[in-house]
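Q: One-letter residues, chain by chain:
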Amino acid sequence: MTTKTERKLTTQKAIAEGVALEMRSDDSVFVMGEDVGTYGGIFGATEGLLDEFGEKRVIDTPISETGFIGAAVGAAINGMRPIVELMFVDFFGVCMDQIYNNMAKIHYFSGGNVKVPVVLTTAVGGGYGDAGQHSQTLWGTFAHMPGMKVVVPSNPYDAKGLMIAAIREDNPVVYMFHKGVLGLGWMTPNPRATGEVPEEPYEVPIGKANVVREGTDLTIATIGLSVHKALDAAEQLEEKGISAEVLDLRSLVPLDREGIVASVEKTHRLMVVDEDYHSFGMSGEVITTAIEGAFDYLDAPPVRVTTPDIPIPYSRPLEEWALPSIERIVKASSNLLVAG
Amino acid sequence: MDIPREHLVDMYQTMVKIRRFEERIREIYFADKLPAFDIAAGLIPGEMHLAAGQEPVAVGMSPHLKEGDAITATHRPHHVAIAQGIDLKRMAAEIFGRDTGLGHGKGGHMHLFSVEPNFGCSGIIGEGIPVAVGAAMAFRHHGSDNVALSFFGEGAANQGSFHESLNLAALWNLPVVFVCEDNAYAISVPKTASTAIADNSDRAAAYGIPGVLVGNNDPVAVYEVMGEAIARARRGEGPSLVEIKTDRLWGHFEGDADAYRSDEFKTEMLERDPMVGYAKRLSDEGILNESDIAAIQQAMYDEVEEAIQYAQDSPYPEPESALDHVFAERTVTL
Chain A
54 MTTKTERKLT TQKAIAEGVA LEMRSDDSVF VMGEDVGTYG GIFGATEGLL DEFGEKRVID
114 TPISETGFIG AAVGAAINGM RPIVELMFVD FFGVCMDQIY NNMAKIHYFS GGNVKVPVVL
174 TTAVGGGYGD AGQHSQTLWG TFAHMPGMKV VVPSNPYDAK GLMIAAIRED NPVVYMFHKG
234 VLGLGWMTPN PRATGEVPEE PYEVPIGKAN VVREGTDLTI ATIGLSVHKA LDAAEQLEEK
294 GISAEVLDLR SLVPLDREGI VASVEKTHRL MVVDEDYHSF GMSGEVITTA IEGAFDYLDA
354 PPVRVTTPDI PIPYSRPLEE WALPSIERIV KASSNLLVAG
Chain S
28 MDIPREHLVD MYQTMVKIRR FEERIREIYF ADKLPAFDIA AGLIPGEMHL AAGQEPVAVG
88 MSPHLKEGDA ITATHRPHHV AIAQGIDLKR MAAEIFGRDT GLGHGKGGHM HLFSVEPNFG
148 CSGIIGEGIP VAVGAAMAFR HHGSDNVALS FFGEGAANQG SFHESLNLAA LWNLPVVFVC
208 EDNAYAISVP KTASTAIADN SDRAAAYGIP GVLVGNNDPV AVYEVMGEAI ARARRGEGPS
268 LVEIKTDRLW GHFEGDADAY RSDEFKTEML ERDPMVGYAK RLSDEGILNE SDIAAIQQAM
328 YDEVEEAIQY AQDSPYPEPE SALDHVFAER TVTL
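Here the protein sequences line up with chains A and S, keeping their order. Take 54 as the starting number for the first sequence in our numbering and just add one per residue. Take 28 as the starting number for the second sequence in our numbering and just add one per residue.
Since the hints were made in silico from the structure, they are not lab data. Source: prediction; values computed, not measured. For glycine and all other residues, C-beta sits at the position ideal for the given N, C-alpha and C. It is possible that some hints are incorrect.
Unchecked claim - Each computed BS3-like pair below joins lysine-lysine, with the alpha-carbon atoms no more than 25 Å apart:
1) S:Lys93 to A:Lys168
2) A:Lys293 to A:Lys319
3) S:Lys93 to S:Lys116
4) A:Lys168 to A:Lys293
5) S:Lys307 to S:Lys293
6) S:Lys116 to A:Lys168
Stated by the list, open to error - Pulled a few chain S residues facing chain A out of the computed Cβ check, cut under 10 Å:
7) Ile55
8) Phe57
9) Val142
10) Ser149
11) Pro157
12) Gly161
13) His168
14) Leu193
15) His352
Put together the whole structure using the sequences plus the hints.
A: Here it is as structure tokens:
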């Protein structure tokens, strides 16, 4: 039960508030990672926590991801609920063994006897010239490997509710926040990065997609910052007389397959917008879901607007060309409507 | 150090249990894989890393443990698990891939997990070391005096996880005992070809913590050193690194031709088998006589046989139960 509120927060403050609420009510919740304390997280996801909870529960770590993510696993097995931050998802290469071979598999290996309630927070996404080792999304990579839930909030309300749900989960959750939706003063201003957030604790269920804009002519299924781009594109499409439904998937694991199918049954056309790499990822999975579940409803082959299979390039025209854009979404939508 | 007789006897008893268990697993493992070795065949498929010879490393710590202490071990985990008091039947059943196993057949011999005793292991070199650091964080948070022990081989001491974990544990003064089981070979590569210094215990200096070397495979020496390291951690005085020179009597895995170790090395190693040496010592010191030893052996043989029988008599899991336990609730479907 949540009450209406006029209070607005940025996504980044909403995340920090979700963490703070759970830390107040559950002594086993703690935070660790690089620069999560004094700095408040490079992306502000732990802002204010050190002041309130002190350094025993908000722990700045050395640059030692294998060590401290492995430690989070050990703490979780032993009754804690760690929130551990991998500063940029791109850094996964130095610690993926702990994440995938350990955190994600122990519950399975133990036949369900050992719970590993870790929340691994990490910043994802590009569009601001940070080049190929600080701009990836990689949610498809994480979602491909069993044993981790993967959530990607696109707005402040979901960010807080998904964080609280993630902390209360008995499973490992990879919580990916897109830098472009956080409302940081040093990122390109994004009006959708600020929104109404109830002050009390609430959960947004993990595994439920959200229809963020109703439409009848096509479904744009997407996640993260691309939700914002899809909404902007939908406004332009409306002027052309095209009614686009925008489906914010919100999590990749579990994927709300029923939600995808239901939307496609309604609109008969599907586009996937995915900032992750084109091949072997989210876009292919969502399209397959639609084909398996709603083949007879499709009036045209599904299309996708993605990042091509290249490292994210640095130079502005290269990066702008490579990442999904409003223009590409509008153009692909028009083509999709013409086809069939 | 004045060691209680019961500890000396318990250590022997556990050594016998470990050795017997490893011998029986070895027999069963090979029974249906020969003459042409087929790793996938038989009652126990897959790789099998047995710890015959490394018993002292494990039994020396067990009298110092208390309920709730956490252990992370390696791909060669049986001796440590048994010394901590793991349910032998359920461990055997897991190795046999049965539904009654610790993980309902999902983990196998390299992935044994138990809540009580608090045990876990891993098939990846060095993976369990930071997990022990995290367990120690949890103990401190809960105000308990439990300690976490991490076992790993000398090969793992060149992994980043080893150094990261020692740094974290030292930085945060956590109750961890890092135990390096130095059996001199990382599969085929001798320590002299992999490690820039002779003794990993010296590496403790880099993190400002005690580093202690047990230079032989003597359970009593291990008992003494581990006693101090564990007590120190329990008192809140921080982590230690213990390195124990031990012997892997058999190959890296069963089926390993073990051609990389010289005949001379292997002969000397077998001559210093700790089972023989420790039994003789207990006998010489009048702690156990011949009939005591025979009785212990019979009791341990029986216990191991009972566990093996339990495993063999247990049903396999239903194939579709492979979908269970990915998450705490079943969400995976075909």
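Q: Okay, which hints does this one fail, numbers in order?
A: 4, 7, 8
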